[in-house]
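Undergrad: Chains L and G, in that order, are what the protein sequence lines are. For the first sequence, counting from 1, position 135 maps to 135 in the working numbering; every step adds exactly one. For the second sequence, counting from 1, position 158 maps to 158 in the working numbering; every step adds exactly one.
Hints listed in this document are in silico derivations from the structure and should not be mistaken for laboratory results. Hints should not be assumed to be uniformly reliable.
Cross-link-like lysine-lysine pairs, in silico, DSS-like; alpha carbons within 30 Å at most [what the hints assert, rightly or not]: (1) Lys7(G) / Lys2(L); (2) Lys230(G) / Lys77(G); (3) Lys2(L) / Lys230(G); (4) Lys171(G) / Lys87(G); (5) Lys87(G) / Lys77(G); (6) Lys255(G) / Lys77(G).
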Amino acid sequence: MKLLIVTACFLAAALVQSICADAFMIRRVSPDFLLIAVVFCSLRAGWQRGLLFGLIAGFICDVLSLGRMGLFAVSMGTCGLLLGFLTFRVYFENPLTQSLIALLVTLLNAAVYFSAADLFYQESLWYLFLNHVVPQSIYNFTVGVILFTFMHTYERKRLISLA
Amino acid sequence: MYYRRKKSWVWLFLIALLLVVLSLPHETSRLFKSAATVIFDPFLKSAGAVSGAFNAFTGTFVTRGELLRENRFLQQKVDALNGELNKLRETASENKRLSELLEFKKRESYNAVPAQVIGRDPSNWYEAIFIDKGSVHGIAPDMPVVSAQGLVGKIVEVSRSVSKVLLVLDKNSRVGAMVQSSRDYGIIEGTSSGVCRMNYLSRSAIISINDLIVSSGLGGVYPKGLVIGKVVKVAIDEFDLNKYADIEPGCDFSKLEEVLILKSNAPEPSTDNISPAQENRTAP
Chain L
1 MKLLIVTACF
11 LAAALVQSIC
21 ADAFMIRRVS
31 PDFLLIAVVF
41 CSLRAGWQRG
51 LLFGLIAGFI
61 CDVLSLGRMG
71 LFAVSMGTCG
81 LLLGFLTFRV
91 YFENPLTQSL
101 IALLVTLLNA
111 AVYFSAADLF
121 YQESLWYLFL
131 NHVVPQSIYN
141 FTVGVILFTF
151 MHTYERKRLI
161 SLA
Chain G
1 MYYRRKKSWV
11 WLFLIALLLV
21 VLSLPHETSR
31 LFKSAATVIF
41 DPFLKSAGAV
51 SGAFNAFTGT
61 FVTRGELLRE
71 NRFLQQKVDA
81 LNGELNKLRE
91 TASENKRLSE
101 LLEFKKRESY
111 NAVPAQVIGR
121 DPSNWYEAIF
131 IDKGSVHGIA
141 PDMPVVSAQG
151 LVGKIVEVSR
161 SVSKVLLVLD
171 KNSRVGAMVQ
181 SSRDYGIIEG
191 TSSGVCRMNY
201 LSRSAIISIN
211 DLIVSSGLGG
221 VYPKGLVIGK
231 VVKVAIDEFD
241 LNKYADIEPG
251 CDFSKLEEVL
261 ILKSNAPEPS
271 TDNISPAQEN
281 RTAP
């Protein structure tokens, strides 16, 4: 059940990104909502679930994107796995910590994707790193601060009401 | 213990599956992807419809002054275009007479299929859009896509009712092009930075800022004469061999809502006259 909800969330994030990208675009860069969703879910899930979440998000991105099949699954799966290892090792309830992790994960995701594209298809995409990936990581950090603060406030209210 | 071993098999299977998918040939991978896109078709189409309705709703709020200004501007444009149309009609009939006289081979005709843009590539790394027409509407890979402002790109992936269009802005896009005024040939390549670059122009090419660039028709993918954009910069390449020009596309890709897919009326073209060197047909 939980997996279905997470998959639906990932799908919704990918659709929002695909349909409303122009609304959020600044100098040809838009935030990666799907990756932010992966950070949020995998940080709380442990390595196995984190890997699974990353693979699901990667599969969705692979199908919707123009790139080769499987590359996003590799990059996001790696990110999910590493994020899963961080569960209980970092203070992930803090929105700033999560946003900082989102920034680093954006860079890592691109690095793994570009390396895999280079390795499997001899397609070099590294020229995008400075112009697209670095600004996107900063954008993800900014959007992350807003989204994670909102989620944090919501979670806290829910816990208080439960208590 | 048994469950733990079973779990590791599941992970091993997943990783092996991923490696198999990664090592699939490009065509098989594309087929697999098209099949998988069918799952997302209804989501994409309904989300696109909702966003379209929202845009249409928000677009209706315009002030009276703005409407009057636009109306006056459009009226002037209609008058100017009517004059131009009359001149063009005259030229077209003359062209027809002379072509018949010289028995010129007729140019290939195209059917335009209108489509709506329903989304964009979710990654920031590829310049592509989704349109709401697919194989059921007779759409196939490599069909050119245009808008009122000019060339948009070509179809690269087709599923049942959604297709992906590779924009001319993408680094993987190649279009045979020429300078409209001087008929100098070159190849337009995307740069992923909002402008395209026209490469392989000869050093003697006559090209200057604001010159109009149109498709050359070489390569067989794009028909001849489609507007691509205007020249914004001309320079000589680093090896001092050729000129290159930066082209600002005629189309504003961030505001693209409707496009036309050009379907050829002619029977399947033979592959003999297609030069892969001129137009790279590979998608990323």
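Undergrad: Decide, hint by hint, whether the structure agrees.
TA: How the hints compare with the structure:
1. Lys7(G) / Lys2(L): holds (18 Å)
2. Lys230(G) / Lys77(G): Holds: Lys230(G) and Lys77(G) sit about 21 Å apart, inside 30 Å.
3. Lys2(L) / Lys230(G): violated (52 Å)
4. Lys171(G) / Lys87(G): violated (39 Å)
5. Lys87(G) / Lys77(G): holds (15 Å)
6. Lys255(G) / Lys77(G): holds (22 Å)
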